[in-house]
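**Student:** Fit chain B to the known structure of chain A by using the hints.
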Amino acid sequence: MKRFVVASGAMAFAVLLIGALLEPLPSGVDLRVAVAANMTASGVEHPVTAVLLNFRGYDTLLEIAVLLLALIVILASGIDTTSDRSRATSSILQTLARLAAPLMIVVAVYLLWAGAFRPGGAFQAGAVLASAAVLLHLTGLLPSWQAPLLTLRWGLTAGFLIFLAVAAGLLTQGSLLQYPPAQAGMLILLIEVGLTLSLGLILAGLFLFLSRDPGDDS
Amino acid sequence: MSFAFDLLLAAALLWSGWRSLSVDRLDRAIVLFIAFGLLMALAWARLSAPDIGLAEAAIGAGLTGALLLDAYGVLKRGKA
Numbered sequence: 000m001k002r003f004v005v006a007s008g009a010m011a012f013a014v015l016l017i018g019a020l021l022e023p024l025p026s027g028v029d030l031r032v033a034v035a036a037n038m039t040a041s042g043v044e045h046p047v048t049a050v051l052l053n054f055r056g057y058d059t060l061l062e063i064a065v066l067l068l069a070l071i072v073i074l075a076s077g078i079d080t081t082s083d084r085s086r087a088t089s090s091i092l093q094t095l096a097r098l099a100a101p102l103m104i105v106v107a108v109y110l111l112w113a114g115a116f117r118p119g120g121a122f123q124a125g126a127v128l129a130s131a132a133v134l135l136h137l138t139g140l141l142p143s144w145q146a147p148l149l150t151l152r153w154g155l156t157a158g159f160l161i162f163l164a165v166a167a168g169l170l171t172q173g174s175l176l177q178y179p180p181a182q183a184g185m186l187i188l189l190i191e192v193g194l195t196l197s198l199g200l201i202l203a204g205l206f207l208f209l210s211r212d213p214g215d216d217s
Numbered sequence: 000m001s002f003a004f005d006l007l008l009a010a011a012l013l014w015s016g017w018r019s020l021s022v023d024r025l026d027r028a029i030v031l032f033i034a035f036g037l038l039m040a041l042a043w044a045r046l047s048a049p050d051i052g053l054a055e056a057a058i059g060a061g062l063t064g065a066l067l068l069d070a071y072g073v074l075k076r077g078k079a
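These protein sequences, in sequence, are chains A and B. FYI, numbering that gives the first Met the number 0 numbers position 120 of the first sequence as 119, with every residue one higher than the one before it. FYI, numbering that gives the first Met the number 0 numbers position 46 of the second sequence as 45, with every residue one higher than the one before it.
Next up, chain A with everything else stripped away, as it sits in the complex:
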């Protein structure tokens, strides 16, 4: 009986979703035209990056703030400080990870740079950086993090702070995060560099702060 209710509820939801998909968009909201018309003022050539960091920069500012908040909550809820487990890892894995990690860092920098004119950008680059750290950790080359030291704290918050500083600096120009078109490209790159570093550290931190074994205190 319960199963039937859940299944019919899921079916109804699926039908609703499909109906919403098939519904034609209201004609007044074709944003592609508006984005294309303002691309020259955005400072970058890729529309997605232009939307993320220029037209809707406020949303991205809040996104990085939310991620930082998530990590702070994890830290505040207390890290288990039992000793790190020693993982049994093979030397093949370690050699492969040593080879892959520098390549991943290069890919991250490429994604960051490519974000200005093709798919890529700070979030993807940060995720690749974090994956490199997680890979090194899983192969036993990088110990999991204890309580964050001052350098790490600065690194975790740098992206948000740079973004906030740029936003505050531009307040004198009129409205929040309205870049002057001449410097927009530079400012976006500056923000993206900070975002990449911080996102990499935050995402890696979600893994490396948590990944200690509570059952391993013997």
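It is worth saying that the hints were derived from the structure and are not from the lab. Values in this document were obtained by computation on a predicted structure and should not be read as measured data. From the three backbone atoms N, C-alpha and C, an ideal C-beta is built for every residue, glycine too. Take these hints with a grain of salt, some might be off.
[Stated by the list, open to error] Example chain B residues on the side facing chain A (calculated, C-beta under 8 angstroms, incomplete):
#1 26
#2 29
#3 46
#4 57
#5 66
**Tutor:** Structure of chain B alone, referenced to chain A:
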């Protein structure tokens, strides 16, 4: 040709999504979830949204998969 690929992709997405929820072993569910994430990244690329595809591959399949596998390892050691 590309329509057949899309059809296959959609079927594989539905199948891997359903299997990752219904399979009774956790480790298999996690591996299926990672496969689902990679297929999802492909689907985003086919929908000409490569930005989302990149983010899905890196975060959805990569980081989340690693987190889930790590959690599974901790759970298993806790039980043993």
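**Student:** Are the hints correct? Go through all of them and say.
**Tutor:** Taking the hints in turn, this is what the structure says about them:
Look at residue 26/B: its Cβ only gets to about 16 angstroms from chain A, farther than 8 angstroms, so that hint breaks. With its C-beta approaching chain A no nearer than about 14 angstroms, residue 29/B sits outside the 8 angstroms limit, and its interface hint is violated. Evaluation of the residue 46/B hint against chain A yields a violated restraint, the C-beta minimum of about 13 angstroms exceeding 8 angstroms. At a threshold of 8 angstroms, the smallest CB-CB gap from residue 57/B to chain A is about 4 angstroms, leaving the interface hint in force.
A hinted interface residue such as residue 66/B counts as satisfied when its beta carbon comes closer than 8 angstroms to some beta carbon of chain A; here the least separation is about 6 angstroms, so the hint holds.
When held up to the earlier numbered hints, the structure conflicts with 1, 2, 3 and fits the remainder.
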